[in-house]
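Keeping the supplied structure of chain A fixed, place chain B upon it in accordance with the hints.
One letter stands for each residue in the lines below.
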Amino acid sequence: MATTSQIQGVGLGLKRELIPQIQALYGQDQLANINFVEIAPENWIDVGGKSAKQLDWFVERYPIVCHGLCLSLGGLSPLNVDFLRQVKKFLHQHSIPVYTEHLSYSTDGFKGTQGYLYDLLPIPFTEEAVHYVAQRIRQTQDILGQRIGVENASSYVAAPVSEMSELDFINAVIEEADCLLHLDINNIYVNSVNFGFNPHEFLRGIPGNRIVYSHMAGHYQQTPNLLVDTHGEDVIDPVWALLEDAYQLFGTFPTLLERDNNIPPLNVLIHEINKIADFQNKELQRTATTKKSVATSAG
Amino acid sequence: MTTNLPSFQRYQLAFTARIRDPHNQPPLEGVSRQRMAVYEEIVFNNLFESVSACFPVARKVLGKRAWLMLTQAFLREYSATSPLFRKIPEQFLEFITNPGQELEQSLPPYLTSLCHYEWIELFVASTPAIENNAENIKPADDLGKYQPVFTATMQLLNYEYAVHKISPRNKPRQKESTQLLVYRDADDNVKFVELNAVTFRLIALLQQESITGEQALTLLANELKHLQAESIIQFGLEILKDLKNQGIIIGVRH
Numbered sequence: 000m001a002t003t004s005q006i007q008g009v010g011l012g013l014k015r016e017l018i019p020q021i022q023a024l025y026g027q028d029q030l031a032n033i034n035f036v037e038i039a040p041e042n043w044i045d046v047g048g049k050s051a052k053q054l055d056w057f058v059e060r061y062p063i064v065c066h067g068l069c070l071s072l073g074g075l076s077p078l079n080v081d082f083l084r085q086v087k088k089f090l091h092q093h094s095i096p097v098y099t100e101h102l103s104y105s106t107d108g109f110k111g112t113q114g115y116l117y118d119l120l121p122i123p124f125t126e127e128a129v130h131y132v133a134q135r136i137r138q139t140q141d142i143l144g145q146r147i148g149v150e151n152a153s154s155y156v157a158a159p160v161s162e163m164s165e166l167d168f169i170n171a172v173i174e175e176a177d178c179l180l181h182l183d184i185n186n187i188y189v190n191s192v193n194f195g196f197n198p199h200e201f202l203r204g205i206p207g208n209r210i211v212y213s214h215m216a217g218h219y220q221q222t223p224n225l226l227v228d229t230h231g232e233d234v235i236d237p238v239w240a241l242l243e244d245a246y247q248l249f250g251t252f253p254t255l256l257e258r259d260n261n262i263p264p265l266n267v268l269i270h271e272i273n274k275i276a277d278f279q280n281k282e283l284q285r286t287a288t289t290k291k292s293v294a295t296s297a298g
Numbered sequence: 000m001t002t003n004l005p006s007f008q009r010y011q012l013a014f015t016a017r018i019r020d021p022h023n024q025p026p027l028e029g030v031s032r033q034r035m036a037v038y039e040e041i042v043f044n045n046l047f048e049s050v051s052a053c054f055p056v057a058r059k060v061l062g063k064r065a066w067l068m069l070t071q072a073f074l075r076e077y078s079a080t081s082p083l084f085r086k087i088p089e090q091f092l093e094f095i096t097n098p099g100q101e102l103e104q105s106l107p108p109y110l111t112s113l114c115h116y117e118w119i120e121l122f123v124a125s126t127p128a129i130e131n132n133a134e135n136i137k138p139a140d141d142l143g144k145y146q147p148v149f150t151a152t153m154q155l156l157n158y159e160y161a162v163h164k165i166s167p168r169n170k171p172r173q174k175e176s177t178q179l180l181v182y183r184d185a186d187d188n189v190k191f192v193e194l195n196a197v198t199f200r201l202i203a204l205l206q207q208e209s210i211t212g213e214q215a216l217t218l219l220a221n222e223l224k225h226l227q228a229e230s231i232i233q234f235g236l237e238i239l240k241d242l243k244n245q246g247i248i249i250g251v252r253h
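So the protein sequences, as listed, match chains A and B.
Under numbering that gives the first Met the number 0, the first residue of the first sequence is numbered 0, with each subsequent residue one higher.
Under numbering that gives the first Met the number 0, the first residue of the second sequence is numbered 0, with each subsequent residue one higher.
Calculated directly from the structure, the hints in this document are not laboratory data.
Among the hints, a few may not be true.
Stated by the list, open to error - No farther apart than 20 Å at their CA atoms in a straight line, the calculated lysine to aspartate or glutamate pairs in the EDC-like style are these:
(1) K52(A) to E120(B)
(2) K49(A) to D186(B)
(3) K86(B) to D118(A)
(4) K49(A) to D187(B)
As the list claims (entries may be wrong) - Cβ-Cβ distance ranges computed for the label pairs, FRET-style:
(5) Q104(B) to E200(A): 56 to 62 Å
(6) Q92(A) to A133(B): 16 to 22 Å
(7) A185(B) to E200(A): 57 to 63 Å
(8) L225(A) to P25(B): 19 to 25 Å
To be verified - With the C-beta cut set under 10 Å, the calculated list includes, among others, these residues of chain B facing chain A:
(9) A16
(10) S31
(11) L83
These numbers were taken from a predicted model, which means no experiment stands behind them.
Idealized CB from N, CA, C, for every residue including glycine.
Isolated chain A (complex conformation) (with noise of 0.2 Å):
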């Protein structure tokens, strides 16, 4: 059985041009950085044939993680709860040890049913709303029988009836929920734009004792003040210093990238994996020279 301590360094979103590329390079010194990938349960449940095969093969060679989309945290359905036993099936049977969602909602109970849009639409920020997100989350967890990481959502649009921060709905949720946080660097950056915050003062509110592992990510810049999460660019630089600023903050934390969309080769997006890679050992040498010269101080 995998643990969450397997969950490590830097990570990588399987997406299916990806996957022929890792199989063939796989043991070489250039994917050295990949410790772990991310998969989502949504694509990967229940499939026979080639996908079945290739998931065999990932789980007997890497760590894996199940990053959600569809489980509508924030959804006006009931909680699915036939597909959270499915999930939990999943994650039993390829002994994966994380499952995070989103602090968002893809249903609307259309029609009396679920009614799933398939994409993550923003929770307004509101007291209720809180209560209501935290009880579904308690109610995944007690289904699964282990916490679950939620993570902080991109945005377009703020609800006019919210009532607080998203930083404080964040904190308010994970409290309540008494869950993890996935950190997400690169949406901390696009709703700083798209909301007019500056990212590294919402870096210092969230609680980092609670984060399970990172996402960074590129975006699309649509107008100087709006940017989209695409995760079809290359990361730029303020979301790379946003990520150093977290690891000075907290420590480092497993880390791991998003590319969905415009994917290049896998020989050119490892330079990304390997700038992580790179940021998470010079902040585990800065600690140790910070530790070494108290200790030089106090001698």
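Using the frame of chain A, we list chain B on its own:
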């Protein structure tokens, strides 16, 4: 009814109503139209791409405009029940099978058959193949004496139209009964086989009932009122052997 909901949920309902039908639902009060348009686009484009990827022929046959309107109607009117992405095309198929009177009249009569034919490839490629009582399956050495077992991914299909021949240049003008078999081979490739009516019936008989190859062929000979049952049986055994060689029959049950 919605007035009983908390304010955040009333807002969410207005939000998704607008996403489902941006042409008819009012814009949200206090929300930038430009920002809202991002959601209207990403939700629709996502769905459009998932559906279009599965039905390339149907899309071309209907034409850009009609396909766009059909996928818009899917988002506007259908409540999807599966969180699994690969089930989106299946749900689209369900939608066009019963799309409401007005829409139905605008669609060609062969569209659901064509879409089913396009979807079944995806289905067979990704369905988990679980053999029932796999331990009871013996090597297929005598297909007449024992009960042939078909590969678990096999689908026997009976269409009113020649779905496999449809293209923008070849839109069916009339019905043409068509029987196909589709399965996933040992290398996980999806294969289609066109069947004649007799072979189709033979496989259907063997699928429906726990009977041996010879019993099925005897039934078939009776159905065909064939005077020389023996020649039907010989002919049929050759067909079964051929199915075995293609990996469609994987063994027998005693």
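Hint by hint, here is what the structure shows:
1. K52(A) to E120(B): Holds: K52(A) and E120(B) sit about 18 Å apart, inside 20 Å.
2. K49(A) to D186(B): holds, 8 Å
3. K86(B) to D118(A): holds, 15 Å
4. K49(A) to D187(B): Status holds; Cα separation ~6 Å.
5. Q104(B) to E200(A): 56 to 62 Å: The hint (56 to 62 Å, Cβ to Cβ) holds, given that Q104(B) and E200(A) are roughly 58 Å apart.
6. Q92(A) to A133(B): 16 to 22 Å: With Cβ atoms ~19 Å apart, the hint holds.
7. A185(B) to E200(A): 57 to 63 Å: holds, 59 Å
8. L225(A) to P25(B): 19 to 25 Å: holds, 22 Å
9. A16: Since chain A brings a Cβ to about 8 Å from A16(B), closer than 10 Å, the hint holds.
10. S31: holds, 7 Å
11. L83: holds, 5 Å
In this structure, every one of the numbered hints holds.
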